[in-house]
Structures are given as C-alpha cells and as structure tokens.
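J.: Given the sequences, and given the hints that come with them, work out the whole structure.
Residue numbers (my numbering), protein chains in the order written: chain A, 189 to 552; chain B, 189 to 552; chain C, 189 to 552; chain D, 189 to 552.
Hints are computed from structural coordinates only; laboratory data are not their basis. Every value quoted in this text rests on a predicted model; they were computed, and no experiment measured them. The beta-carbon is built from N, C-alpha and C at its ideal position, and this holds for glycine as well.
Below, computed lysine-lysine pairings styled on DSBU-like, alpha-carbon distance capped at 35 Å: (1) C:Lys419 <-> D:Lys237; (2) A:Lys237 <-> B:Lys465; (3) A:Lys269 <-> B:Lys465; (4) C:Lys416 <-> A:Lys295; (5) B:Lys237 <-> B:Lys536; (6) A:Lys438 <-> B:Lys466; (7) A:Lys293 <-> C:Lys547.
Examples of chain C residues lying across from chain A (beta carbon under 8 Å, computed): (8) Ala213; (9) His342; (10) Leu345; (11) Ala385; (12) Pro489; (13) Arg492; (14) Val500; (15) Arg518; (16) Ala548.
Number of protein chains: 4
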Amino acid sequence: MPEVKRIGVLTGGGDSPGINAALRAIVRRAHAAGVEVIGFRDGWKGPIKGEGGPLTLEDVSGILYLGGTILGTSRTNPFEKKERNGETVWEPTEKVEAIKGNLKKQKIDALIAIGGDDTLGVAHRLREHGVKAVGIPQTIDNDIGGTDYAIGFHSALATVTDALDKLHTTAHAHHRVLIVEVMGRDSGWIAVYGGLAGGADVIIVPEGPPEGSFSVDEVEEVIRRRLKQDKRFSIVVVAEGARPRELGGKQVASGEVDAFGHVRLGGVGYWLADELKKRNLPLTPRVTVLAYLQRGGIATPFDRLLATRFGVKAVELALEGVYDVLTGLRGTEVEAVPLAQALAECPKPVDQELLRVAKAIDIG
Amino acid sequence: MPEVKRIGVLTGGGDSPGINAALRAIVRRAHAAGVEVIGFRDGWKGPIKGEGGPLTLEDVSGILYLGGTILGTSRTNPFEKKERNGETVWEPTEKVEAIKGNLKKQKIDALIAIGGDDTLGVAHRLREHGVKAVGIPQTIDNDIGGTDYAIGFHSALATVTDALDKLHTTAHAHHRVLIVEVMGRDSGWIAVYGGLAGGADVIIVPEGPPEGSFSVDEVEEVIRRRLKQDKRFSIVVVAEGARPRELGGKQVASGEVDAFGHVRLGGVGYWLADELKKRNLPLTPRVTVLAYLQRGGIATPFDRLLATRFGVKAVELALEGVYDVLTGLRGTEVEAVPLAQALAECPKPVDQELLRVAKAIDIG
Amino acid sequence: MPEVKRIGVLTGGGDSPGINAALRAIVRRAHAAGVEVIGFRDGWKGPIKGEGGPLTLEDVSGILYLGGTILGTSRTNPFEKKERNGETVWEPTEKVEAIKGNLKKQKIDALIAIGGDDTLGVAHRLREHGVKAVGIPQTIDNDIGGTDYAIGFHSALATVTDALDKLHTTAHAHHRVLIVEVMGRDSGWIAVYGGLAGGADVIIVPEGPPEGSFSVDEVEEVIRRRLKQDKRFSIVVVAEGARPRELGGKQVASGEVDAFGHVRLGGVGYWLADELKKRNLPLTPRVTVLAYLQRGGIATPFDRLLATRFGVKAVELALEGVYDVLTGLRGTEVEAVPLAQALAECPKPVDQELLRVAKAIDIG
Amino acid sequence: MPEVKRIGVLTGGGDSPGINAALRAIVRRAHAAGVEVIGFRDGWKGPIKGEGGPLTLEDVSGILYLGGTILGTSRTNPFEKKERNGETVWEPTEKVEAIKGNLKKQKIDALIAIGGDDTLGVAHRLREHGVKAVGIPQTIDNDIGGTDYAIGFHSALATVTDALDKLHTTAHAHHRVLIVEVMGRDSGWIAVYGGLAGGADVIIVPEGPPEGSFSVDEVEEVIRRRLKQDKRFSIVVVAEGARPRELGGKQVASGEVDAFGHVRLGGVGYWLADELKKRNLPLTPRVTVLAYLQRGGIATPFDRLLATRFGVKAVELALEGVYDVLTGLRGTEVEAVPLAQALAECPKPVDQELLRVAKAIDIG
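T.: Structure, rendered in structure tokens:
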C-alpha cells in the first residue's frame, strides 16, 4: 500500500465535548509516525473551499479537556438528497470535485472525519469518488451505529445528571413538578441514561409506537402515586423529540405560531407543563430547558479516553490502509467497523435493557 | 433580660443553597450555649399549625453543603394584604393568634426566621404581637435590604456562571446567539453578576425606565458589531423580569395564550429569540432556561461561611435579647440591622457600579 | 427453586462512590418483586454479630449520588489465612457459624455482598457452608476480575482527572515538576486511565518486571526532552505501589523510619521528588497526594448507571436462584460471572492496550 | 497630568485563579479608553529583560475562567534584601535601571503589577525611581493588606472545600482520622475559611504564641470526644505552616533528613499522622496533601468578579494619574489603597472573628 505522509482532519455536525481530545491524539500519534496533519475548517466546508492548514503539536497542546472543536464545524454537505423512484439517494454536487481537487492540491493521503451520521455519511459516499477516509463517531445523542458509545455522549450525560442533582436538592423543599427538557430528536439515549443516573421519577423518550411515545395521563398517574407516598415533588425528564399521544404522536413545536405571532420554539417541556396545569395537581410545574448546555463544558474522563483511543486508532488505520470504516468501541476494544454497516444502524434506538432497568426500579 | 432556653427556627420563601448550613450553625451554637432548638415545618405554616420538633446535633450532621432546606418551606403568610385609603396594609389573620399560642405551648423564647422579604416581613410584623424574632436573609435574588449579600445568591451565581462557561466552549464551534434566561423578576443581581462572571456579551436586567429595560435593537446592534469583529457567536443573559421597549416596558409571559390555547409559560428568552429571528442575522438563536437549577445544588464556600456566620450571630442576638433585626453582612462584618430598615430597602436594585463595570469593558 | 422472600445485603472493603446507588437499586428492585431487604452493618461484621435491620425505600431515598456507604464497611473476615504445605488456604473461624446462625435467625434467603476481592472471596467460600450469595464488584482500583469495570473506578478517575486539570492551569505559570501520587498498590488502572484522561506527561504503574516498574532516569529523560521543546513543566502521575529500579524494584514507604523516629507514611511521590531534586533540573518538584480524595465525592453518571444495573441484576439473579456469581459488565451487558473465575483473575493487571496508547502518543 | 497612551502589565509571585480575568479586564478597559497594553513576561523579569509585547483583545478572549497566568510569572526581584544597622532594607540592583530603560524604550506611561507582597513591594519601591505603578493584589494565601480579599483566595477555598466534601462522604464509611494539609506558611486564612466551609472537626493555623500554634494533645482530645459521641471519624485541616507545641513551636519539615538520606519534603500533615499513631486511637490516620491543587483550576465567580473589578479600577486609576496604590476591596467597594499602608499590614493574620465562630460551633 502507498505510504501515508499527510493526513487531513475535519470535524462536522453539532459539536460535543471530546472532539478536541481526538484532535490532540491524532496529531500526537501522527507526529510519532512522522506524518503531517492538515486541519480543515468548519466540517466539509474546509476541504470544499480548501480552507485549512497544518495542525501541530503546539496547536493541540492544552486542549485535551476543552469542549467544542478548535477546527470549527458546519453542516455543509457536498451531496444533495434526492427522491428517485420512491428512494432517497444522495447525488454528488460540484463540491465533491472541489474536495477531490483540494485534497490533491494539498497532497492529503488520507482523511479523518469526526462527526455524526451526516458527516460520516459523506465520508462513506466519497469512497467511490476516490477519497480515502476513516470516521470517528461523535454525537451527544449517541444514536450512531457501529459503536457502543460516540464521543460526547457521556459528557452530555454529566450535564444532565448534574442538573437533576441540583433539582433534587431544591425539589424537596417545594411542591413542584420539575420538568427537564433534554436533547434527543429521534432517540432517548440522553433521556434514559441521564434520567436513570440523575434519579428522575419519569423518563420520556421519542421512541415508541406511531400513536405516541407517552401520554400525559401516565405522567399524571406517576405524580399522583408519589403524592400518595407523601413525595411532594416529581422530576420528569423529557426528550425534546418525545411524542405525546394527546397530539396523535406528533412532536411538539413543529411550526405552530404563538400568541405573539411568532413560530413557537419552546418545546415539549412547556407543552407538558401546560397540560399538567390543567390536571389540578397540588404541585406547580416548572420547566428547565438545558438545550446547548448539553453540548458544552469540559469532556468527562470517559470521553477523553474514548476520544484519545479513537484518534490513535484512526491514524493507525490510515497507516495500515484501512478506509471506509469508523473507529467503534466494542466492549473494551476499539475496532474498525465498516461505515456502510454503522450508517445502516442510524438512528440507533436507545438500549432497551436500560429502559427495562428503569421500569424494574419503578421509574415511570 | 429573661433567659433564653428554647429557640424556634423556620425557613420560608423560595429556598436557596446555604439554608441548611445556617440551620447547622444555629443548632451547634445553641447547643454550645445549652439552648434547645425546635425546627418548625414549612415556613410560617409550622408555627401556625404547631408542626415541628426538636432539631438536634444529629439532625444537622452532614447537611452543611446541601442545598434546599431540611425543614421544608412555604409561602404561607399569617397576615393579609389589604388596600386602605390607597395604602397597603398587612392585617393579622387568626393565624397570628395560632402562632402565639403554639410558641407559648412549646415554650419558645425566641424565633429565628430564615427567608426573603415576605418571610422576614412577617417576623417584623409579629413584633407588635409579642413575638421575639431574629431574621436571617436568604434569597438567590439578593434583592433584600440590610445586607450586602443574602444566603444563596453566590450559589445561584455559580450555577449561572457554570452554564455560561459550558456555552462558551460550544459557542465557538457554531454560528449561534445563545440566550440564557436567568432568575430575577424585579432585580438584575443574578443577571449582572452572573453575566460578568461568565463573560456574557449582552446582559439584560429588569431595572430601568418605565418604557423598558432594554430593546431588541440594542441587542441586535451588539451582535452585529461582534460579527464585524469576526465573532461568530454572542451570548445573551436575560433576567426573567426584563422589560422590552418593544412591548412598552411590560414583562413578557404575563398571561398570554399560546397556539395550543394554554397560558404561555416560556418567558422573555424565547420572546427575544423569536424577535431576533426576524432580524435576518446569520446566527441562529438558541434558548437555555435555567429556572430551578439556580435554586439547587450544593452551597458554595461563600454561602456556607455566610450562612454559618449568620446562624451563629442569630443565636447570639437572641441570647443577648436583641430582636426585630436581621443578620446583615456589612463588608466583612456581620451586624444586626433593624428589620424595618432592611425591609424598607426591598427590592434592593442591582449595584449600579457593577453595571458600570460591565459597560466599561464593552458588554452590551 | 425455593422462593426468595428476604435478601440480606452488606458492603465491605474500602468504599467507593456508587455503592449507595447499588443499595438503592437493590431495595427498589426487591420492593417491586415483593421482597424484603435487610441491611447488615459494617461488612461481614454485620452478619457475624447479627447487626442490621430492614432497608426500606425511605432509607435509600436521596442516596443515589452519594459517595460512601450508608451501611458502613469493614475489613472483617470470617476466614483465616493459613499457609499449609506451601499453599495459602482460608480456614473458617467460628464466625462462619455465627453468620449461618444469624442468616437463619433473620430468615435471609439470599445475600448480596458488595465489595472487592476480599469481600467477594468470603461470599465465595461461604458457598460450601450453605450460604447463597451474589457478589457486586466495587473497588476504585478496578483490579477485580470478571467485569470490565468495578463500581467506583470511574468516580476515582474523575477525581484524579480533575486534579490534573487543576495542576495544568498552574503548571504553565511556573517551572515545576508536579508529581501526583494516586492509589494503586498492585495495579495501575487509576494511574493509566487518570493520567491519560488528565494529560500527564509521565505515567508510572506498579506492574512490571521484578527489578522495578520504572526508573528515575527515565522520568528525568522525559522532563529534559520536554524542556528542550520549551515545555517549562512536567506532570508525573505515580501509583502508590510503583517500584523504582533504583530501590531494586521494592515499593517505597514500607516501614522505613524517618528523621523524627517515626515510620514514614509518605510514599513514592515524595521519594521521587527527593530523587529528582538531586538531578539538578531547572524545575522544582512539588508533590500532591490525593489519598482518600479518590474514594470520596459524588458518584459519576457512569458509576451510578453501573451500580444501578448491578443492583437490579443481583436481585434478579437471587430471584432466579443463581448464586456464587458476581454481576459483571461485559461490553454493554451485565452478566453473571462465577465468583471462582472472577477471583482467579485478581489482581487484574491494567489493560495493556491503554498503556500502549499512552506510549503511542508519546507519554513517558 | 500627562496623558496615558500605553500601559504595561506583569504578573508575579505564586499564581492563582483569577489573574487572567484581571488581564482580560485591563485590556478591555484600556481598549475602551483607546489605550494600548503591553504584557511583560514572567513577572519583573519581563521589564528587566525587555521581554513582552502587545496584549490585544484577541489575546485575552476566552481566558476569563482560566487559572494560571498567560503572562507567566517569576519571583525575580530587582531589589536586594540587606541588613543594615539591624534593619532590613531593600537596595536597588542594576536591574532597576534596566526596568527604567525598558519602560522608556517601550514608551510605557504606567505599569500595572499583579501579585503578592513581594511583587507589589517592588512596585512600591520603584516609585522613588520614577516608575508609576498600580498594584492588584493576588495570592491564594489572602495575607496581603489593604484589601478584604486578594484574587485567588476564594478559588483556593473552593478547592479545599471540595476536597473536604469528598472526604466527608468516605469518612463515614471508615474509622479514620483524615488529615488534610493546606497552604498557608504564615497565615491561616485558607485553613480557617476552608475548614469552616468544609465542615472540618479540627482546624490548625500557623498563628499563635511562640511556643506553638497547636498541640497534638488537643487534637487527640477532640478526636476522643467525637468518638464518645459515636463519631467514627474526624477530619483535621492543618495549614502547612502550623507549629506544634511538641516541637517547641517550630514549623515542621524545615530541612530534616529522612530515612533515605534525603531532605524531607512531607510536612506537618504526615508529622501529625505519625504522632497520632502513637496515641493508640481506634482510628487510623490518612493524609491528603493538596499542595498545588490549591493554585489551580478555574476561577470562582467571586474571583472573576473581583479580578474584573480590580482590572477595570487599575486602568482607571492610571488614567486618573493615581499611582503607588493597590486596588482594594473594602466591603462592596473597590478603592485605591496606598501601597505603603497595604504592605505594612503584611502578612495579614487571619480574621479572628472567623476563628471565634469556629470555636463557637465547637470546632477544635
């Protein structure tokens, strides 16, 4: 196989804590192998526009713990989604040629793409255009296939758990239903793991039958049951993508216009609070919306270790000439998983066993 | 003066981290003086209903750092607000007699009331009904007079600052206006202190002229100025009580009905995001609502020390026969401040010097 | 199989964050199955002396995040270590009979033992005395077999990583070698995982050839190499059980007497600092000894989830009549692993792959 | 007064969290006034060697929360300490001329020196050599006069308190005396504030009569008293400069040679543990040495606000032509305090009222 002398790297999609740790590991591992690293700016926009430059040991010094990504990110996609004969296909735009041209001009032998299913999907589709890429999965949603955990998930979990801990201390003092809206448009990973770790009384995920992933009735029932046990509060974790049966299983906040004539941004958390208010409970609902807090902060040790291992492995795969794969955590091992296989599993639904555990200890 | 043998204590109003540290100090200080402590449940409801019992060294062991209050809280008020000849007067209800009766029955020589202006206002008005009380100021809003800082304010500040730190790491990666709605119905203490400590780019408080405490135009201007400096994000801290000029200086979320036919809970943060969306900025707004997170969590060292000193001082004042005062931090000293004087200053507006400092370093 | 109506539980060995989360899960899972839980005090001392009582939903409410163990712990062992024909055997003492008697008296159908290899070793040896037990592995050292991770390890890791983060911010400002002594008498799990996650420049473990697990020469070399790269500081993580080649591979602090005539407690961290001082480096060494900090604090989300799953699984195994096993994490699954097999692997040496990753990114 | 167009800034002494926040405020405030800032490297070494360069808005962006100092620090002193007629005098060396020359060459109109008593002492003595300087007090020890609190103290406090919180969770589980050695060579600020905030059972400071600041007998007594109250652990906070009566009031670790023939670094914490071991307590002592952890980490909101205010004030004082002062916190105000007056108070002994409060709630 041809020798690898220069590796390009980019970070795409919504960012998450741990990306910088991966960049640091990539540069350090490449340096140890005598390989140069070029960092592209803002996801796929970088190789499309040819924006990027050398990423040195100096550049990645001190970034191990830092959230965000020093390379910036974007959702730019060089392919276009089309419907053809009832099927979704991704057609290359002229940006694909731009990428090829820029990689050639910059003498990039291999590319490492860090991102979620969109970013890694591009990496996979570029294969047939001659681009050799290794993917590193990162998404706080953890809904990407081919790996037990993506970079960022455990850090988002830490933020959610910390928020629930905080609410617990004050919940005891008041008569409240404290509703916490967490991320998760399609999958309940953050809600279930965060809710379990943070001791939520009700956990609501997006997954479930078409008619809805939860009902207000069920939530009310748990709250009333707890009231009978003399629990003067309840804590509800709800994923932003949760689908109330009362709305026919549709997600909340999908374009409705509010009293000010604006499109409503506030999501399912507020909706649930409004509904519970109508139930005449002796508890007032209060809503916390974590939103981008979940993307931010410092990376947990778990994510730093995972990202470091992924970064090292990605460089080593490139050195070995193994492409069109992502670095996947399987148990305690980091393995190369074909991108085609990993992407086919997206969005990976939440681990049913964890949901079962939640029910088994009487969480609603 | 008559000897004090038994002190009652209660905690009222919205809770905040540090109350438990005060309770611990009260019990320990009283114990050292051979004085018993009776803890009443749920604010003024406790002495009204006679609900409470001994608070021992054992009860307060291990609660130093804990948010919330082990005594519970309520907003029950034994006085009734009345308008008379255009003036607000507080008239005693039969609950005042109940309090007197229960304090007598339980042989309470002095009362320590921990709370905000409502709770301490009751303590003050009970004076003419023969109840001897010392107040300890606690409110995350810090809008109570007679003290530089109330218990809980610095802990709420820690939560807000931590949230802004988290947002900063991810803000760099995206093109976003990140709006953080913080507590403060009448005063901007949390917004200004938190915004300054967390490096916000815009800080919006409730204080200001009747026509509004801020305008969307000004916010837009800061964001556009930053864009010209190549800053791809802006972080806006807005107090829940902020009053947009565009709404004639009224607070947002005051009963409007949303598209679902429910009273809208979401406040000024979402409103501002909606408005900014109409300005065609190249940045998407995202809203975080911290809400009850600000009440929760562990108390900061500052609040533990303050609460410990307040608790010790309150007991000592009772032992000295000094009543109708609150424990106030004045510089580095804890002093007795007459409740009448302290209450007359409520709500204490945010320190203008801090606002000036913010402007002086170019925060919008 | 006979129905299980009452389960006993105990916690032994050095404690670690997450034990309480396991206790909570056990009680909640048992409650859902209509099974009573008896909590024994202070490890095996509890069933020996018959000290313990019902553990209710109320008892385990609010302990999810709390480090330590509400049951207390001890290192009491009902078996005695003996050498016989050159082999180590564990002989039952009269305490074994006491355990059997007390379990019978309290009508305990099954026992759940939470602890490290000592505690679980007892559970295993009691099998032939008719005691039916399920083990849950907990030890911050992570050196127990049969599971990828024991409860507590990730929380200890968080403490070490946080300490290294703190040191990094100040290390830049000074010319220092900052030495951090971490736990790990026999294995380097905390040192390697913590060192990698915290960005240490040198990581020293106890594992290695008899002649020593490291040498001062090597440490000096890394420091000097970094000085040439204009790095004005180095951070060294050293496991307490590290064995310097300069001392013939013996562990430090094993009974030597210091200048005051006392047995020296301070360990390898100070020893290393002393040695480095003699090397005339332009950097002054400073030592931090984390010691019991690593056992304390709140449990990380990872440990809470692991502990919750272990607790649920342990009860379910008892309900199914599966004994003499521990709950082991294998990838993302929690499985029953025979205690004999798990104990045979103790002390489980640190994952060689992580050591390799450390070397691959140039950590000394 | 002559117009100020360019301000120089330097940071000296042991660093502490918050310095960077001060640098950010200085640059932003200066920028708003159209004033340039030159940042000198490594304390007084910078102006001596002429090492430094422009400090821009870009340079100070994102450093608000960061511990350490982006300018580096040193203990270089352009004056020499001499004994003359029994008095200590500081004589200028040729470095003073170098400073004057470099300030002139770089057209520095005013200097801002951030540091402890050494660094600010130089600023003061340079006045008679024509250098116009404003000081900003920073030291985690908080022993500098002229201000209620120096930058860094509250952040160090947070680290100590967090450590004590961690130890509390595990202390319950074991029979231990947990000894925590904290910083404070001459003053007990960290020990008392940290010990009170963290719930220590014994607090030991350096201040006290010549014959010693504490005795092992007293410590033993507290531990035994607690044992009688069925408290199975005690937590002891000891300042590194504590002086045991048993050693005639001398500080520990002052050059003794240990069993390996090395100068002993380990300090009073280990010494105390050794002594307690000889007392046959049913509790084993364990020592944690926080050391440089106390300098590191992110700055607390308190320190960021203080540093921001100090930075703004220092620039404004320079603009007003007020020199030879430091920015001092007095209550809630930041004022200019003559350096001569502030330095005369060094080392500022710990607030006696806080010691009294500790005793009043029965802390040993």
